[in-house]
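**Q** All chains, please: the whole structure from these sequences, using the hints.
Same order as they appear, the protein sequences are chains A and B.
Going by the working numbering, the first residue of the first sequence is number 424, and it counts up by one from there.
Going by the working numbering, the first residue of the second sequence is number 9, and it counts up by one from there.
Hints are supplied without guarantee of correctness; some may be wrong.
[Stated by the list, open to error] Take a look, some chain B residues computed to stay more than 10 Å from chain A by CB distance:
1) E40
2) A55
3) G64
4) D99
5) R143
[What the hints assert, rightly or not] Label-pair ranges, simulated between beta-carbon atoms:
6) L603(A) x E46(B): 45 to 51 Å
7) E46(B) x G481(A): 55 to 61 Å
8) P51(B) x S604(A): 58 to 64 Å
9) L539(A) x E123(B): 26 to 32 Å
10) G148(B) x V588(A): 14 to 20 Å
11) P78(B) x S604(A): 35 to 41 Å
12) A146(B) x V597(A): 55 to 61 Å
13) F526(A) x G148(B): 46 to 52 Å
These are calculated hints, taken from the structure and not from any lab test.
Think of the CB as a built atom: it goes at the ideal place given N, C-alpha and C, for glycine as much as any other residue.
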Amino acid sequence: MKLRLNIIFMFTVAGLAATAPPLLAQERAYFVTYDHYLEEPGHLEIAVANSSGFPRDGGARHAPWLELEYGLTGWWTAELYLEGVTSRRDGSAFTGWRWENRFRPLKGEHAVNPVLYVEYESINEASRIQKEIVGAGRLPFEPIAELREKHAHELEGKLILSSVVGAWNVSENVVFEKNLSADEGVEFGYSVGVSRAVGTLASGASCRFCAENFVVGLEAYGGLGSTEAFAAAQQRHYVAPVVAWRLSDRTTLKASVGFGLTENADRALLRLGFVYELPIGVRK
Amino acid sequence: MIRRAQQAIVVFLIASASGVVAIAQIRERDSEWTAPSEAAARPNPLAGRPETAAGGAKLFHVRCASCHGPDGRGASKGPDLMDAAVQAQTDGALFWKLSNGNTRAGMPTFSFLPEPQRWQLVLHLRVARRAAEGRARATGISEAR
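**A** Next up, the structure:
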């Protein structure tokens, strides 16, 4: 399975790399929060990213992932994730894949723009990308080799609300997650974010370091227990400044430092992402 | 479960491929899509600052050309923006359209761009139209449809 996905990915990249004029959709500075901007129809975004979690005790775990995002239509964006985990003492593992869909029911801009999110995950307990945080309790810290044997099929839903307030984006997400492999309730989580572009007017020349290429923001996310227990004391919450820097017309670098606010949260959560966007199927 | 996963991936690839074989035609504009009159009445605050149009040209190249063509004359995924019916709209109307988009029809919303940059884009559309008219006069061919 892993090999096949790798092959498909390599072919996709190789087949598309040479094509098309420059172009880029908006760059979401957030790592966890979603806003209402979908991928432009016919555009493929390829991202490689990593989340490194530094727990209060125990060794760091680094979770790289690959993300393919495609705008199927103006109101439907689909994404495929492949993820892994590695640590210094404990080896590495492929931790699974995710299939995500976002739908935008309203065509124009509104005071609050809703987006519906549905994701299927086939992952194992070693997964550490922490793209969403739900439920309560700390992440399991058994050896990776042990955790990777515990598979989970999960269904995740999000209600995404996003607004433009002056020069700012303000987004709120509510997360629901059901582990289909275990007899446990539905877990809840949240994420909220604010962000804005740094520059105002665009300069005529192309420039790498000018303000217009930066988006900065702050997001906060965490778990809110489950239908079985709210467990406030056990929850994990984070606050994380984020920044996105457009390196070129097609590439963006993103970074974030998350600070764990509760006992069960990692002390720090460092995230880094590199995004490459290419329009496909564009003909004059 | 793996079988289902493979099916999902196949659907994804077919959908991607269908984007590749987009029809090589210029997309028609939608004459039904109009801006509310209040939005249409807003003047372009950059109208008196022609030096800011170059920034608009750069933004257009990066954000719009893939659908509307490098010169804005339309392509398979976006209509001709030099078209007389588009240019007859006010600055405010064009600003409203590119801010709001029409995601059902495939025009994204650009409200994430700072407002001044959206006005720069409107300014660019006007400058590009004048340049196209100038070229048409010079060659004696009516480019302005």
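**Q** Determine for every hint whether it applies to the structure shown.
**A** Status of each hint after checking the structure:
1. E40: At roughly 13 Å from the nearest Cβ of chain A, E40(B) sits farther out than 10 Å, so the non-interface label holds.
2. A55: Label holds. Min Cβ-Cβ 14 Å, cutoff 10 Å.
3. G64: violated, 7 Å
4. D99: holds, 16 Å
5. R143: holds, 18 Å
6. L603(A) x E46(B): 45 to 51 Å: holds, 49 Å
7. E46(B) x G481(A): 55 to 61 Å: holds, 59 Å
8. P51(B) x S604(A): 58 to 64 Å: holds, 60 Å
9. L539(A) x E123(B): 26 to 32 Å: Since L539(A) and E123(B) have Cβ atoms about 28 Å apart, the given range 26 to 32 Å holds.
10. G148(B) x V588(A): 14 to 20 Å: The hint (14 to 20 Å, Cβ to Cβ) is violated, given that G148(B) and V588(A) are roughly 51 Å apart.
11. P78(B) x S604(A): 35 to 41 Å: violated, 51 Å
12. A146(B) x V597(A): 55 to 61 Å: holds, 59 Å
13. F526(A) x G148(B): 46 to 52 Å: Roughly 51 Å apart at Cβ, these two residues keep to the hinted range, so it holds.
Hint violations for this structure: numbers 3, 10 and 11, all remaining hints satisfied.
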